[in-house]
Amino acid sequence: MNQLALLVALPLITAFLLPVINRVSTFAARWTGPLVLVITSAIGISFWPQLGDSAVAIELGGFRPPLGITLYADKMALLFALATSIGTLLLWPSRGEDKLRQSTLALILAGSGSGLALSGDLFNIYVFYELVAVVSYGLIAARSTAGSFAATVRYLIVSSFGAALALTGIALVYQATGTLNLAQLSQLAPTHLNNLQGLAAFVLMLIGFGVKAELFPVNTWVPEVYATAPTRISGLLAGVVSKLALLIIVRLLVLIFHQPEALTVMLVLGILGVVTGELAAWRARDFNRMIAFSSIGQLGIMFIAFSIPGEAGVFAGLAVALHHLVVKPAMFLLAERWQGSLANLAGAARTSPLGAALFILLALSLIGVPPLPGFWAKLLVMINLVAQENSLYMLGAWVIMGGAALEANYLFRVASSFYHRTDEQTPPAAHRPGDLATASLLGAGLVASAFLIMPLADEIEGVASQAADKNHYVQTVNPEQLP
Amino acid sequence: MTPLDQLLALSALTVVAVWLIGNRQITGWNATILYAAQGVLLVMMAGLGYGDVQSIASSVTFQVLGHGLHWLFDGLSWFFALITIGAALLSSWFASGEWGQRYRAAGGSLRLFHTALALNVFSMLVLLASGDLLSLFIGWELVSWASFLIMALGGATATRYAMRYVTYAFTGAMAVLMALVMVYTQSGSFEFQAFKDAVPTMSAGSLWLIVLLFAAGFGVKMALIPFHLWQAKAYAETPGPGAAFLGAISSRMGLFALVVVLVQLIGVARLADLQLVFPFFSARDLLTWVAVLTLIFATFTALKQHDARRLLAWHGIGQGGYMLLGVLIADDLGSAGGLMHVFNHATYQAVLFMAVTAVIHRTGTSDLNKLGGLVTRMPLSFVAMLIGIIGLAGLPPMNGFVSKWLIYRSLIIDGSPLLFLASVIGTLGTILSVYKLIHNTFLGQLRLEHVEVEEAPSSMIWPMMILSAVVFITGYFPGLVLDWVASAQAAVGLPELVHTLGGVPSDKGGLDMIWVVSVMLIGFGIGALIFFAGGRSKRVHQLDNYAGGHFLTAETRYQYSDNFYPGLMHLIGPWYRKSFRWLERGFISTVDTLSQVMQGLYRAVHPSFYLLVVVVSALSWVVIK
Amino acid sequence: MLDTGLVLYSAAFGLILIGIAGIVLSAHLVRIIFGVALLEAGANLLLLLATWREGASAPIIVAGRVPEFMADPVPQALVLTAIVIGVGILALALSLALRVQRAYGTLDMHEVRQRMEQEIADQAGIDMPASSHAPAAVQAARQEGSA
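Residue numbers (this note's numbering), protein chains in the order written: chain A, 71 to 553; chain B, 10 to 634; chain C, 8 to 154.
If you're looking for bench data, these hints aren't it; they were derived computationally from the structure.
Quantities reported herein were computed from a predicted structural model and do not represent experimental measurements.
No residue lacks a Cβ here, since even glycine has one placed at the ideal position from N, Cα and C.
Wrong hints could be hidden among the right ones.
A partial selection of chain C residues facing chain A, derived with a Cβ cut-off under 8 Å [stated by the list, open to error]:
| no. | residue |
| --- | --- |
| 1 | 46 |
| 2 | 96 |
| 3 | 107 |
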């Protein structure tokens with residue numbers, strides 16, 4: 071049971087030991103990081119069947135909540151903790167001068183990301199969130215170009231602003247209830263937080279944590295950062311970290327804040343995210359920023375999906391999130407060689423046919439073409455949106471459809487330019503085999519899940535229903551009553 | 010394994026086989042044989058076509074996310090599948106042999122071409138076999154993307170037009186998805202029967218929206234007004250036999266989907282009941298007028314074209330209007346006319362595209378202002394085009410006449426004089442335009458550079474002659490096709506047409522093509538006898554002539570080709586205002602501007618300001634609430 | 008005398024507001040960072056105030072005697088953590104500002120953003136975003152300005 075804590079602790083400890091190991095042997099230092107991540111992924115995967123129907127709560131240090139910190143592992147949390155480990159492993163920073171520093175930061179990212187997914191205490195979440203933030207500042211600036219410093223400092227400002235607002239929100243919550251343990255807050259929410267103060271706290275925390283989740287309007291950092299950071303780090307941020315931040319917000323919604331106004335705020339911001347993201351991507355002229363804007367749009371769809379009340383919303387949002395988790399890192403891996411102007415990509419299919427084919431596969435799944443899994447996720451969202459019979463949700467459905475149409479156009483504009491070359495231009499260089507192999511792995515996973523869509527859908531539905539079950543959470547954590 | 014499973018499996022096998030065989034000459038022949046095999050399998054399901062069997066289901070079903078997916082063929086599907094496989098067979102035959110050699114030498118990949126064609130056929134069969142709304146959508150998406158693949162093969166220009174298609178098609182697909190989800194919300198399931206049962210209880214507003222979304226989404230493929238701008242150029246740039254296939258059947262997939270959704274599920278009666286505030290305008294009226302306007306606009310745009318392929322592509326768009334019109338009249342005559350027109354149009358559109366491709370193959374150009382007089386050099390191609398043109402214009406003895414007669418008759422019986430007048434105007438435009446096509450290509454003066462041109466190779470002649478024979482024979486004995494049409498009508502819920510081998514019997518003046526064509530043949534026969542055997546005619550060279558005291562020389566152009574109908578153009582020329590192009594450009598311009606605005610949003614100096622604004626507004630909204 | 012609670016709460020919210028004003032209104036990077044520092048200070052103070060009660064004593068057990076009326080110790084520990092995080096981020100922010108200053112020679116956010124945008128565009132090989140409808144003369148002038 072307690073091995074789950076290793077998912078958090080092991081990468082953190084290794085990160086701090088890495089410079090020491092480096093003194094002894096550079097070779098060992100290079101491979102320790104991936105090895106540790108393999109171990110943590112194995113622990114996580116071995117834990118999955120043990121979860122079964124009920125979740126697991128770990129009391130750190132043996133102190134019962136609310137005095138102690140709990141780690142709560144239901145299927146959704148474990149899924150995202152696993153995604154963090156495996157994602158960091160697949161997107162391990164392997165390029166650049168300062169590999170040791172990047173490795174250290176990546177390990178801390180893996181550890182604190184897992185902590186973020188598994189944590190059961192609001193302040194613990196805040197600490198891990200800030201940890202992930204600081205580490206990502208370091209990773210983004212890894213190229214040491216002036217542009218990356220400027221992008222990092224702008225990201226820092228917005229992120230710190232958001233974090234301070236989130237802290238204010240946490241302060242309001244504590245002021246109303248006297249506890250920060252999620253299970254206990256869940257018990258106290260109907261009486262203490264079902265008022266103006268609670269809603270204000272939610273808004274502040276939504277926008278605070280939403281910075282990482284690329285929520286409109288705090289997502290202005292996205293295009294700059296994805297254009298200046300190393301592409302693997304961008305993939306990690308877009309694919310994994312954003313989902314972790316989203317996970318926190320979903321937990322807050324499911325457990326604590328049940329007011330319909332909370333959902334409405336999320337819905338409106340999600341709609342604005344889709345509209346601005348997809349429209350901005352239409353005229354993007356470089357590859358990195360095009361997929362950055364597409365990422366904003368997709369996360370907007372996730373926010374719209376999670377704003378659907380009840381278990382259906384969690385299921386729909388989870389489906390879109392998991393799909394995006396696979397597709398976006400693959401696209402960023404392809405971006406490694408395809409950075410730069412879209413016009414320069416003409417004829418890329420000649421030098422990198424597999425890459426071009428992969429891009430088309432990913433694009434088809436992103437816009438939602440059957441039988442790829444992206445279609446099923448989108449169908450789920452649409453059905454649940456229209457079923458609400460509320461004009462704002464209908465607007466969300468229309469916006470998603472319009473966004474998909476725009477996305478099809480700009481993605482396939484690029485894809486068709488791969489196959490036609492004017493003779494003056496030289497096509498871009500071929501992808502490195504490492505990048506291509508990882509991207510192909512993700513693409514193969516996508517195709518496999520298209521074939522296995524039936525059992526996969528049932529499994530994800532199980533995950534979602536467990537995650538949406540507030541009472542199960544409270545019972546599992548079983549906090550002491552406060553006087 | 011049911012016959013339907015066998016057919017779909019063979020079709021999938023064709024795709025794989027063609028891909029594996031690769032970029033070789035033999036690919037085309039293999040593909041043709043495999044299509045013939047598919048045709049045999051289809052013929053074994055002919056019970057569907059004659060009303061003996063109601064439906065043949067597939068044994069493959071899925072249950073995803075709680076929705077069931079299943080596939081089945083009924084009379085309507087069988088009818089469309091026959092056209093699909095026939096068109097694919099003949100196009101593939103056409104593409105084997107010399108055309109394939111030339112294509113490969115010019116850098117094209119036969120593997121890609123034939124795989125794209127096979128993929129189109131497979132996806133169309135899957136669409137035709139759909140048994141519920143979700144499988145309909147899946148088939149629809151597969152067909153859309155397969156069409157994109159075959160359109161994009163022609164080079165950079167073709168890809169550009171194919172991209173335009175993708176924009177239209179995917180937006181349409183999203184409209185269809187929206188409509189599907191709305192139907193699901195109202196009926197609780199994606200099954201056809203659930204939709205049909207829920208229709209009477211649906212409110213007028215939601216049903217209007219659903220009808221408009223379905224019509225827009227499926228109408229994009231059919232190139233109905235105002236979504237027609239992409240089709241002509243995209244089809245014209247597709248490699249030759251691909252264009253023949255697309256023109257024959259690809260747009261009709263939209264008609265199939267519309268027939269299933271609007272006629273079979275919602276019912277034309279309900280469409281007629283859906284009335285706007287202004288009581289004379291119902292959904293059915295809207296759609297019939299869209300069909301007729303498509304006919305008129307497209308046909309008169311074709312009149313102005315001087316590229317033969319674009320001309321034919323525009324005609325393809327226009328004739329789709331006829332089909333929709335016929336189907337929406339929904340009585341036995343009109344719907345039979347509309348459905349039969351699908352078959353007829355496929356035959357002569359294919360033969361015309363093939364003839365034009367043969368001309369391009371031999372002369373290198375399809376520009377009508379650069380051709381002429383090829384009848385002496387390519388007589389069989391001329392015959393094929395002549396038969397095709399008579400069919401397209403809808404004149405006896407070809408099959409086009411029958412379907413048009415049926416539609417005209419039903420329009421008069423239905424009491425829609427304006428629609429009748431509009432469709433007659435459309436036919437007028439067609440006749441004028443196709444005459445220009447054949448005159449500028451085959452008649453008139455032979456150019457010096459084309460003096461050595463040979464007849465098209467046999468791999469091209471055979472399919473063209475087969476299609477011409479089909480056009481003539483089904484014109485002579487329309488009952489052959491009307492059998493299939495009647496069972497398709499029965500499958501959809503329309504009244505079946507009572508017919509004979511020769512046509513339609515009626516007390517008030519029916520149609521008996523056997524009599525008509527026989528009389529024509531006898532008349533022509535007597536004339537031909539006198540002409541050829543009478544011994545009074547003499548063969549003379551075209552330039553063995555003089556005018557105005559001068560002998561004619563080969564270098565001088567006496568061919569009258571450009572600005573073919575100056576009088577007519579003088580009358581209606583000002584009406585060509587390219588308004589739809591302006592509309593499209595305006596729309597794109599708006600999206601461009603909005604996109605720039607959004608990009609500007611993301612380049613702000615103080616992003617924290619947005620954060621503040623949103624937080625303050627959210628908090629104040631929360632407080633006020 | 009003023010109500011202590013009112014003073015404390017207005018101090019907390021005041022710090023937050025001043026911090027926000029600093030971040031949103033300043034053009035100079037260091038001032039923005041100061042604004043962040045003030046904002047965090049205000050947020051920390053607010054969290055601390057959640058525990059404050061009139062007349063409570065510090066939550067420390069002295070010589071075995073448990074005070075009856077204690078301030079809540081839990082958020083005080085949390086605030087310590089938050090202060091440390093804030094300090095770390097402040098240090099990181101200032102070092103980044105130093106790097107930006109060295110690279111661009113300026114700390115004016117308008118300049119910095121412009122230069123960053125230019126650098127991204129140059130690296131990608133595209134032009135700076137300009138209006139597609141700008142007249143040709145203006146576009147030519149822009150081309151020359153950036154060349």
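Proposed interface contact between residue 46 of chain C and chain A, which counts if any beta carbon pair is under 8 Å: holds, 5 Å
Interface hint outcome for residue 96 of chain C [beta carbon to chain A under 8 Å]: holds, 6 Å
Classify the hint on residue 107 of chain C as holds or violated, based on whether any CB of chain A lies nearer than 8 Å to its CB. holds, 5 Å
Checked against the numbered hints listed earlier, the structure breaks none of them; every hint is satisfied.
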